[in-house]
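Let the hints inform the model, and build the full structure from the sequences given.
Numbering (full-length UniProt numbering), first residue to last: 1 to 455.
Calculated directly from the structure, the hints in this document are not laboratory data.
Please note that a few of the clues may not be correct.
Stated by the list, open to error - Beta-carbon label-pair distances, calculated as ranges:
(1) 116 to 402: 19 to 29 Å
(2) 237 to 427: 13 to 23 Å
(3) 168 to 359: 33 to 43 Å
(4) 409 to 257: 46 to 56 Å
(5) 151 to 380: 36 to 46 Å
(6) 384 to 224: 35 to 45 Å
(7) 148 to 427: 49 to 59 Å
(8) 426 to 165: 51 to 61 Å
These numbers come from a predicted model, not from an experiment.
For each residue, glycine too, the CB sits at the ideal point set by N, CA and C.
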Amino acid sequence: MQGIQARVRGRVRARRLLARHAATAERRGRLSNMSGGAGAPRRAPVNRSGRTAIARRTVARAARALGTRRPRVALTLVVSTLVALAGGGALGVAAGAMLWCVARLGADAAVRRTTRLRERSVDLAVRAVLAEIEAGAGAAAALQAAAEAAPGLSGPCRAAARAARAGGDLSTELDRTPDLHALAHAWRVADSSGAPLTDTLAGLCADLSASTERGQAVRAALAGPRSTAVLLGLLPILGLVLGSGMGARPVHVLLATTGGHAIWCVGVVLDVLGLVWTNRLLRGADAEPSGESRVRRAGARLFGTRLPPDGRLPFALDLTAAALRCGRDVANALRLAAPVLAPAAAAQWRRVAGLIALGADPDQAWTSVGEDADLAPVAVAARRSAKSGARLAAAFSRLARDLRAEQRSAALARANRAGVLAMAPLGLCFLPAFVCIGIVPTIVGIASGVLDAVP
Numbered sequence: 001m002q003g004i005q006a007r008v009r010g011r012v013r014a015r016r017l018l019a020r021h022a023a024t025a026e027r028r029g030r031l032s033n034m035s036g037g038a039g040a041p042r043r044a045p046v047n048r049s050g051r052t053a054i055a056r057r058t059v060a061r062a063a064r065a066l067g068t069r070r071p072r073v074a075l076t077l078v079v080s081t082l083v084a085l086a087g088g089g090a091l092g093v094a095a096g097a098m099l100w101c102v103a104r105l106g107a108d109a110a111v112r113r114t115t116r117l118r119e120r121s122v123d124l125a126v127r128a129v130l131a132e133i134e135a136g137a138g139a140a141a142a143l144q145a146a147a148e149a150a151p152g153l154s155g156p157c158r159a160a161a162r163a164a165r166a167g168g169d170l171s172t173e174l175d176r177t178p179d180l181h182a183l184a185h186a187w188r189v190a191d192s193s194g195a196p197l198t199d200t201l202a203g204l205c206a207d208l209s210a211s212t213e214r215g216q217a218v219r220a221a222l223a224g225p226r227s228t229a230v231l232l233g234l235l236p237i238l239g240l241v242l243g244s245g246m247g248a249r250p251v252h253v254l255l256a257t258t259g260g261h262a263i264w265c266v267g268v269v270l271d272v273l274g275l276v277w278t279n280r281l282l283r284g285a286d287a288e289p290s291g292e293s294r295v296r297r298a299g300a301r302l303f304g305t306r307l308p309p310d311g312r313l314p315f316a317l318d319l320t321a322a323a324l325r326c327g328r329d330v331a332n333a334l335r336l337a338a339p340v341l342a343p344a345a346a347a348q349w350r351r352v353a354g355l356i357a358l359g360a361d362p363d364q365a366w367t368s369v370g371e372d373a374d375l376a377p378v379a380v381a382a383r384r385s386a387k388s389g390a391r392l393a394a395a396f397s398r399l400a401r402d403l404r405a406e407q408r409s410a411a412l413a414r415a416n417r418a419g420v421l422a423m424a425p426l427g428l429c430f431l432p433a434f435v436c437i438g439i440v441p442t443i444v445g446i447a448s449g450v451l452d453a454v455p
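Here you go:
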């Protein structure tokens, strides 16, 4: 009896399932007939990645229209403007300025963090390649180890490893990634000159280590001014909290009166200006200077100041020394190391190499380079070596170490100078903003309460 009941329940369940499927098919058929029959074209699926690409292109076009190459800055400007228009009046303008300031500071912090991660990945990849080459591994195994050591560069390193197994040009494959240009140059110089790859990679590791230590020292020197700027930017809010605790109702004075609107707008603008000014000063001290800008060259000629040194000169000297140690002549070694330098310095480097190759006296060949402040120590070392017969490779290696130490000292001096200059926004922006937002409304609120209490 129980078996019969189970079979009956199973049949009922099957009939219900079939009826449900039939209703679903009929409903789909009606929708197909409404859209033009069975042969009507179906709607294409939504390509969300395509929409994202379109949005990115739109933001990039807006950035170019606004005269900037940073899409995030353009998007922040657009959103801040919309917030200001939606808020209306002084309060909307102040809200838009605050939003733009916070977004700009956050974007700069993200750029600094990304730059540190990229530098760390390059350092790990180069050290992994050097360790594998010193252990006797081949190029493919060394690049595979670099891909495992630096996940951020795993794609380019694996592609270079595949090129090594196939017998292709490793330097060309590495040159496709901007972060690996220095590694590609070191590999190319070793292949072209016959120098040991460990020598060129050791120079690159020394350069990366010096850059990392210099960046850490600069960030440590700028940590105090950057934290002070943030605290000073939040000081008006502390003034509002203290005024509210005293019962002066400064927020009511700022938001409910016409004079309060004006004071609020002026205070926010001054606060935002102070934060942006301080961030600009500290960002200029944290970045690596370059003398290739036309503005910098024009300013140096106008004021008679010295351009910032080329940060790639020590690495070029190490590559030249490695090529000289393996028996290459001076002209060939200079030509091999020239692509590492900035365009102006590379042109002078090649000019000296051409003169030496034509048989010119080294003292005369290096005379034109002596006019450049950055290359003057190189010219002095080369002329001294030509006169005394000392090893030029050893002189270039010592000069590379001295230049790295000089760059570190210059970077720390730049950071300390920026910390002193950061006092200007304190007196011109942050303190007036605190007076406008934190003190004046509190005084007005207390005075209004006293006057209202007088009979």
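A quick look at each hint next to the structure:
1. Residue 116 and residue 402 have their C-beta atoms about 26 Å apart, which keeps the hinted 19 to 29 Å range intact.
2. Distance hint check for residue 237 and residue 427: the Cβ-Cβ separation is about 20 Å, which falls inside the suggested range of 13 to 23 Å.
3. Distance hint check: the CB atoms of residue 168 and residue 359 are about 38 Å apart, consistent with the given range 33 to 43 Å.
4. Separated by about 54 Å at the C-beta atoms, residue 409 and residue 257 satisfy the suggested range of 46 to 56 Å.
5. The given range of 36 to 46 Å is respected by residue 151 and residue 380, whose C-beta atoms sit roughly 44 Å from each other.
6. Range check, residue 384 to residue 224: Cβ separation about 43 Å, and the 35 to 45 Å hint holds.
7. For residue 148 and residue 427, the hinted distance range of 49 to 59 Å is satisfied, since their beta carbons lie about 53 Å from each other.
8. Taken as a hint, the range 51 to 61 Å holds for the pair residue 426 and residue 165, whose Cβ atoms sit roughly 60 Å apart.
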